[in-house]
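Participant: Chains as they are written, first to last, in our numbering: chain A, 13 to 119; chain B, 13 to 119.
By construction, these hints were calculated from the structure, which means they are not laboratory data.
One thing to keep in mind: the hints can contain errors.
Heads up, the list lumps identical chains together, so a pair's fine if it works in one copy or across two of them.
What the hints assert, rightly or not - Under the rule of at most 25 angstroms between Cα atoms (straight-line distance), these lysine-lysine pairs were calculated in the BS3-like manner:
| # | residue 1 | residue 2 |
| --- | --- | --- |
| 1 | K33 | K105 |
| 2 | K33 | K83 |
| 3 | K102 | K17 |
| 4 | K17 | K74 |
| 5 | K102 | K78 |
| 6 | K33 | K77 |
2 protein chains.
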Amino acid sequence: MGLSKTEKFTETQNEIASMAKALGHPARIAILQFLAQQKTCICGDIVNDLPLSQSTVSQHLKELKKVGLIKGQIDGPSVCYCIDINVLAKARKQLTDLFVEVHERCC
Amino acid sequence: MGLSKTEKFTETQNEIASMAKALGHPARIAILQFLAQQKTCICGDIVNDLPLSQSTVSQHLKELKKVGLIKGQIDGPSVCYCIDINVLAKARKQLTDLFVEVHERCC
DNA sequence: GTATTTAATCGTAATATTACGATTAAGGTT
DNA sequence: AACCTTAATCGTAATATTACGATTAAATAC
């Protein structure tokens, strides 16, 4: 199929999964690291930083935007992308909480 | 293409991404939650807990095993799956470290 | 031995992802 | 106006993912 049955899982499970999915590509990790470390956030700078074409980077930015991890601010002819720290904090909390319950191993 | 160019990214970026990718499906989140909360870890119990067929669950378990998040211990005719807390701890650290550097927003 | 249970694998179809070049649209510049 | 820059979108091809039923292999039960 290739279609995940989201309706069969809880809201939280789907939320965590879609956030993780957005993080599930090295280019998107690289984009987030770039945004976290650089002062600039112009799309063109991101494109230059990555070994991928402009259209491919744009697609990855779209994925990150879809889950809310980044926001794009139009700045003249350019677009300035920034990490949304609120969404980020929630994602981080969800991912860490996910495993808080692991206290013992059965094998 | 559908092929991510792993050779163009750093080891860490690929590591984080593949870990996140493994977490990028609600069924796999559900499996981990189940393993974290239940005392049992038998494959059949996981299959019963999920709204998916046995073969599909087996495929998801394989994905989690691939990144080392779980280990399978053969127990007679059954297989007992457990979370590997060491791999888990590393994954959690990598994911949280990823964003430690985010201190300011530029827009 | 034969039968049963368990879980991995195979075969398959449907859909999604990744990647690129080409095009488009929108904002500047001259 | 005509031109350039920027980034999104379109069109596309190649590959990956998700899902299931059927089959297989291994362990146990009879």
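Participant: Can you list which hints this structure breaks, lowest number first?
Facilitator: none
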